[in-house]
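Since chain D is already given, all that's left is putting chain X on it; use the hints.
Sequences listed follow chains D and X, in order. Each residue of the first sequence is one higher than the one before, starting from 1 at the first, in my numbering. Each residue of the second sequence is one higher than the one before, starting from 1 at the first, in my numbering.
No lab work stands behind these hints: they were computed from the structure. All residues carry an ideal CB built from backbone N, CA and C; glycine is no exception. Any given hint might turn out to be false.
Unchecked claim - Here are the simulated distance ranges between beta carbons: (1) D:Ala114 to X:Met157: 19 to 29 Å; (2) X:Tyr123 to D:Asp255: 27 to 37 Å; (3) X:Ala13 to D:Glu29: 31 to 41 Å; (4) D:Ile280 to X:Leu134: 26 to 36 Å; (5) X:Glu162 to D:Leu218: 32 to 42 Å; (6) D:Arg158 to X:Lys145: 50 to 60 Å.
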Amino acid sequence: MTMRLGFVVQRYGLEIAGGAEYHCRLIAERLRRHAEVEVLTTCARDYVSWANHYPEGEEDVHGVRVERFRVDRPRDDGRYSEATARVLGEIARVEPGRIDPAVVRRTTAAEASAWLDEQGPYCPRVVLALRERQDRYDALIFFSYRYWTTVHGLQAARRPALLVPTAEEDGAYRLPIFPPLFAKASALVFNSPEERAMLEGAAGRALPGEVVGVGSELPTGMDPEGFRRRHGLVAPFLLYVGRIDRNKGCAELFDHFLRYRRESGSSLRLVLIGKDVLPIPDDPAIVPLGFLSDEEKWDALAASLALVMPSWLESLSMVTLEAFWAGKPVLANARCDVLRGQCRRSNGGLYYATYDEFREALSLLERSAGLREVLGRNGRAYFEANYSWDVIERKYLDLLSRVAPEVGRGEAASPAPASPA
Amino acid sequence: MSFEIKSDDVDVAAIMEAIRKRIEEKKKGLYTDEEIKEIAEHRLDAVLDAHDFNPDLIKDFRTDPARWNFLFDPETIYRSSRGPVGKVLGALRRVLRPIQKLFWNPNPMIYALSRQSDLNNYYVHLLHNLSLELTRLNLEVQDLKNRNLQLQGRLEMLARREKTLETMVVYRDDDPALKPKNE
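For reference, chain D alone in the conformation it holds in the complex:
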């Protein structure tokens, strides 16, 4: 008997290129080989306003049946901001990722629920549809713990359910509505051991589940010389891929990098790939290339000296894993436990918490080709061992067979790899 899986996620579409939604799409497309997969989601494309963008109804996306439902009301920024200040503290409104622990401790479940309604996407139709048809699924898989669709969908679930929390160290998981939600899931699919420790700390007990993560759509070849030629890049460069945003640590990166160049006399460039929502310093050493195709991104990775990941709020960082696969070392922000953990476990990257550490680590990477080569080799081996699709699929199938033992395990019945330490 073929297993039937229902996915619930806040947004879904080919245009959504990053984050938990992309993660969800990759997993759904992979598990389609072993099960019948359906996705229940909203019509939203923009994660800030949740404005209805996609038409309501069914669509086939890369062979996966997707059903979308209209969001009842878009997010009101002002009200959401006020609710955030009320439950996470005023600091959370000013600096995303920071919270006032005293305010969080005082927050009641009712206040947290009100905050969740403001955050959205407020889409009762997804929950109604799930209630009506969930018996046709052997198991449900929910993505991103913090959204309305996940919280209310998981509460309505009668079937075994996996929760992929994709939690960041932003403090929201401490709100009183979330630890009971983690307990409601049959098992959690963590992105990293750090994420697992963080959520178990909030829940006050061990949570059932596995550290799994996600694979990536890998290229068949990379053209570093072509990339250099196309963009006129002669000097070696450090690469950043992602949204160019203060909340991603880019402002600090610009400061550190320009200071490093001034102090060391280095000719290194900083190449940026991604949409900018932060003014980029007008300096010839910083080269913004805007949003590029996946193919260009892989070529850029192959041409770079190393990837820099300055964000301190990451649940997994797929681009870090992609750099590992491309055999490039990573220079990561040590204030992000997940990134620091990935670098240490893989022996594939260095990390920094202060400018001094940034300077020393970058200088070491710039000077030592041997070190770059060994770090790159380690990163690649780490990726192959933990994030190749065979490994990811086996882990999902193993978890599904544990939470829904009455159903078959599909085609790949070999045992899943051991849990991470």
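Frame of chain D, contents of chain X only:
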């Protein structure tokens, strides 16, 4: 299968430890970044608050320098404060000055103390001007902060207005009541 990759060639944790040691070596005796940040964040309340600042400080200082500074000139060490007796005593000291100089040379001391008294005057002027300038800058920063807040408020209001208008357009397209009747 192990989640951790062991490499004989490289140990990232050891490299980072070596980097931190190297930084500590370089910074011995210097403030750390955190300490510098903490010092920079201290407000110079007594100086920077405009209402606490005394603009007549220099005038006071000039009017009554004895209140602020010690007075010293080459004759100070021979003077006495005991009225007519003191005057005789002073004259006697000046007569005996050549003999006294056989035992020690007071000139370097006289020079140092005179110079220190002058320096004190300069410092007071300098500090006064610095305080004045800091107070002025503080008021200017406050003014800029207020303007920034006003602009931020206006920006947020415009963003909300834009979002509301966008939402209205979305709903209008979907509202069957607003569609032309011949459709």
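In rising order, the numbers of the hints this structure does not comply with
none
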